[in-house]
Amino acid sequence: MRKTYIFSSLLLFAVILSVVSGQGCKNKSTENTRQSAKEDFQFKEKLSEYGFFKDKLNTLNPRDGVLGYELSTPLFTDYAVKKRFIVLPKGKVIKYNATGVLDFPDSTMIIKNFAYINTAHQQILIETRLLVRDPKDKSWKVMNYLWNKEQTEAVRHITGGKVPITLLDNDNQKLFTNYQVPNTNDCKRCHIKDDILIPIGPKARNLNFTVSGEKENQLLAWARKGILTGLPAICTVVKLPNWADSKHYSLTQRARAYLDVNCAHCHTKGGDAYNTGLFLEYEQTNPDHLGMKKTPVSAGGGAGGLDYDVIPGNAAHSILFYRLNSTEPGTAMPELARTVIHKEGVKLIRQWINSLAKKP
Amino acid sequence: MKHLFRLTFLLSLVVATLQFSCTGPKTPKDEYKITLTFKPGEEAKIAEAFLSIKDSTLILLKEGVYQFDNLSIAQVNYIRIQGEGHDKTILDFKQQSQGGEGIRVTNVKHFTIDGMTIKDSKGDLLKINKSRDIVITNLHAVWSKADSTSGGYAIYPVLCKNILIENCYTEGSSDAGIYVGQTDSAIVRMCKAAKNVAGCEIENTSHAQVYDNEFYNNTAGFLVFDLPDLSKRGGHVKAYNNYIHDNNFRNFAKAGSFGTTWGVGNASPGSGIIILAASDIEIYNNRILNNNSSAITIASGFAVDAKAGEKINANYFPIAKNIYIHNNRITMGAAFPKPAYEHRIGQTLIAIEQQLNKLDPARKNKRIPFIMYDGISSNILTKRAALNPDSICISQMGDNVFVNADFLNLTNVQNWHPNTNIAPFSCNQVGKSH
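Sequences listed follow chains A and B, in order.
Heads up, the first sequence is in our numbering, so the first residue is 1 and it goes up one at a time.
Heads up, the second sequence is in our numbering, so the first residue is 1 and it goes up one at a time.
Possibly wrong hints are sitting among the right ones.
To be verified - Each computed DSS-like pair below joins lysine-lysine, with the alpha-carbon atoms no more than 27 Å apart: (1) Lys54/B x Lys162/A; (2) Lys269/A x Lys311/B; (3) Lys141/A x Lys46/A; (4) Lys141/A x Lys82/A; (5) Lys321/B x Lys293/A; (6) Lys232/B x Lys307/B; (7) Lys46/A x Lys138/A; (8) Lys293/A x Lys174/A; (9) Lys54/B x Lys44/A; (10) Lys192/B x Lys145/B; (11) Lys45/B x Lys162/A; (12) Lys269/A x Lys141/A; (13) Lys136/A x Lys112/A; (14) Lys162/A x Lys39/B; (15) Lys193/A x Lys39/B; (16) Lys311/B x Lys193/A; (17) Lys358/A x Lys347/A; (18) Lys56/A x Lys112/A; (19) Lys307/B x Lys293/A; (20) Lys88/B x Lys62/B; (21) Lys293/A x Lys232/B; (22) Lys193/A x Lys161/B; (23) Lys54/A x Lys149/A; (24) Lys109/B x Lys193/A; (25) Lys141/A x Lys109/B; (26) Lys109/B x Lys138/A; (27) Lys364/B x Lys311/B; (28) Lys149/A x Lys45/B; (29) Lys238/B x Lys161/B; (30) Lys92/A x Lys141/A; (31) Lys141/A x Lys54/B; (32) Lys54/A x Lys83/A; (33) Lys343/A x Lys358/A; (34) Lys307/B x Lys269/A; (35) Lys247/A x Lys83/A; (36) Lys46/A x Lys45/B; (37) Lys136/A x Lys238/B; (38) Lys174/A x Lys44/A; (39) Lys307/B x Lys358/A.
Bear in mind the hints are in silico, worked out from the structure with no lab data behind them.
Note that the coordinates shown come from a computational prediction; the quantities given were computed from them, not determined experimentally.
Can you make the complete structure from the sequences, with help from the hints?
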């Protein structure tokens, strides 16, 4: 009898425990739902759903609040024509930052559209890339949208891919290539620095110019519109040279700007090519890090059997030039987003290396 | 009694139910929340699964041959890529059309790859960048052809922490089969590497242990290098119980047949172990057999770069120091391998043998000694004439063990005196206990 009593009590206790912890479970699950409610920012399935553009989608005609911008020296992507926009959340502003990327508020969206010029001289959109600053954890997130043949819609696409195209380059020469749409990890490769994903293009120095056809410096215009705060006197803001403007900038300035924009997102301390010791930022002054008579670290066959990254005065035997002038995977640099040779860029780098003083 | 049993049973049932209802079955630490299983033909799905992978996922690749362009995993934790064995699950990357490697892993904590073969990428096969707590096991990473069209590195962790590479096999790399770069804490064990330029290379990597491996039929078996201008310094590397033999393969790195001035292009065919500009290295209890140009080479950064001295900083010191070599079994064949005659450093090694025998006819045309030290010590920085300022300590049985090759006078044959006197470098002199 006593035993039965003990066990009944135990049973009762267990049941109570079960109810209490059932309650615990319930609490937990509501908490989970609540958490998932403010889960990561969710990218929409179709580009049109964001309502960035009015009229036909492929005209990329921005609605109010969708702000176009250009870069002084842009990244080369197979002669793609790029249209860039920023969307700020209502009432929020960008804070000026002298070095690095501007300080964008949470929920900022950066939109970059890639088109090629076809043989009929039409712009054909291939992909649209989005960078969004998630308000939940203030981290930037990437997504890609692939345009359909009809040019009526672009659909969310994470796996990247190859799009066969025949494009016209800057000399109206026909080039056939398999354009590489990056997958979401490819995006991260260039955009991650010190383990954090960040935008690359919109730095003050690369925005600090007057877009052709406009009357006002881009940064000043933003400040006037009240969407950029903290901009100091414009003459004190560093300018990244326009790589193609030989009237205003020296060969070295243009070459270094080109290397900065096309290489230094990886070739920097904390970047994807940190391990190489080759750092190509515009501010870099250490000749070793700039590759001057520097032996490669892990280029393997990608170095083409050459000895040094840069031999001053000798582009033909410089690995930097060799790799820019290649389209072979494992050799070509940048590793991503380029499947044809950028003739004009290669020419600039050749001239620059050949102009460097030979040292004994 | 029956009653009591029934009650106890009921009780435990209730408790069990309540436990499971809340947390589910308790999983051991090394199990994963999500398991995804794929078979050949599902490559597109697999590529997508890699891209959208969540924390704590196991991807199981069933037996068969898979064709990929490339795969990548970034910024997640607790990931396991599991095959059904190196002879069953085969990942072929010959379609690679962009990027630097077949598989790329970036910013991942707790990554394991186990039980498959990966092959024939254009760039490297498996690159693991800026990650930690990595296990690479039962992985074969091979190129079908061992020539300069092969990618550089088969297994390539770089800027990582805590790496275990075990039971792996690499073949055909035009640089190093197993290459651990700029990493802290690495173990390479029970691996094999053949027909690579370098079997295994530990570069700017600290606290590495390399043991129970077999490196054979490469250009060079095992390398420990420190290079300038990098994120960290190497050192504290131990290599023991390895079988390093018959590394006499031609150097097929691009332009390697003659030798570039950098990296493995420098490695002469016929090299067993090469220590370059590295410090705190212990090489012991290995069998180093039939590497016919140099069983062990100890060289400074000056041997390959006249400006090495300008690159000294916290992460780089060009002089090899605190090198402890003992109790290895070493033999060499009767002659240099043919490809050494075409290689820049190979030609130097041949010249050393000739010069030694010319200066000392009593040697009766013996082979080059097992251990070749370039003789460039920190005396050139301190302007002193200490006999062994960098604690090179050798304890090896037999004669013809050691040569100080006097590299500083290499180009001036009149003054060039390679010297086989081991006394200043013998461990008794150095005062190392063993």
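These are the hints, each one checked on the structure:
1. Lys54/B x Lys162/A: Roughly 25 Å separates the two Cα atoms, so the pair holds.
2. Lys269/A x Lys311/B: holds, 17 Å
3. Lys141/A x Lys46/A: holds, 16 Å
4. Lys141/A x Lys82/A: Since the Cα atoms of Lys141/A and Lys82/A sit roughly 20 Å apart, the hinted pair holds (cutoff 27 Å).
5. Lys321/B x Lys293/A: holds, 26 Å
6. Lys232/B x Lys307/B: holds, 19 Å
7. Lys46/A x Lys138/A: Status holds; Cα separation ~23 Å.
8. Lys293/A x Lys174/A: Violated, because 37 Å separates the two Cα atoms, which is more than 27 Å.
9. Lys54/B x Lys44/A: holds, 19 Å
10. Lys192/B x Lys145/B: With Cα atoms ~17 Å apart, Lys192/B and Lys145/B stay inside 27 Å; holds.
11. Lys45/B x Lys162/A: At roughly 16 Å apart (the allowed maximum being 27 Å), Lys162/A and Lys45/B satisfy the hint.
12. Lys269/A x Lys141/A: holds, 22 Å
13. Lys136/A x Lys112/A: holds, 23 Å
14. Lys162/A x Lys39/B: holds, 24 Å
15. Lys193/A x Lys39/B: violated, 35 Å
16. Lys311/B x Lys193/A: holds, 26 Å
17. Lys358/A x Lys347/A: Given that 27 Å is the threshold and the Cα spacing comes to 19 Å, the pair holds.
18. Lys56/A x Lys112/A: holds, 17 Å
19. Lys307/B x Lys293/A: holds, 10 Å
20. Lys88/B x Lys62/B: Distance ~8 Å between Lys88/B and Lys62/B Cα, so the pair holds.
21. Lys293/A x Lys232/B: holds, 20 Å
22. Lys193/A x Lys161/B: Judged against 27 Å, a Cα distance of about 18 Å means the pair holds.
23. Lys54/A x Lys149/A: holds, 20 Å
24. Lys109/B x Lys193/A: holds, 17 Å
25. Lys141/A x Lys109/B: Answer holds: Lys141/A to Lys109/B is near 20 Å, not above 27 Å.
26. Lys109/B x Lys138/A: holds, 22 Å
27. Lys364/B x Lys311/B: violated, 42 Å
28. Lys149/A x Lys45/B: At roughly 23 Å apart (the allowed maximum being 27 Å), Lys45/B and Lys149/A satisfy the hint.
29. Lys238/B x Lys161/B: holds, 17 Å
30. Lys92/A x Lys141/A: Holds, at roughly 19 Å.
31. Lys141/A x Lys54/B: Holds, at roughly 15 Å.
32. Lys54/A x Lys83/A: holds, 15 Å
33. Lys343/A x Lys358/A: holds, 25 Å
34. Lys307/B x Lys269/A: holds, 23 Å
35. Lys247/A x Lys83/A: Distance of about 25 Å is within 27 Å: holds.
36. Lys46/A x Lys45/B: This hinted pair holds, its Cα atoms lying about 21 Å apart.
37. Lys136/A x Lys238/B: violated, 47 Å
38. Lys174/A x Lys44/A: violated, 35 Å
39. Lys307/B x Lys358/A: Given that 27 Å is the threshold and the Cα spacing comes to 16 Å, the pair holds.
Checked against the numbered hints given earlier, this structure breaks hints 8, 15, 27, 37 and 38; the rest are met.
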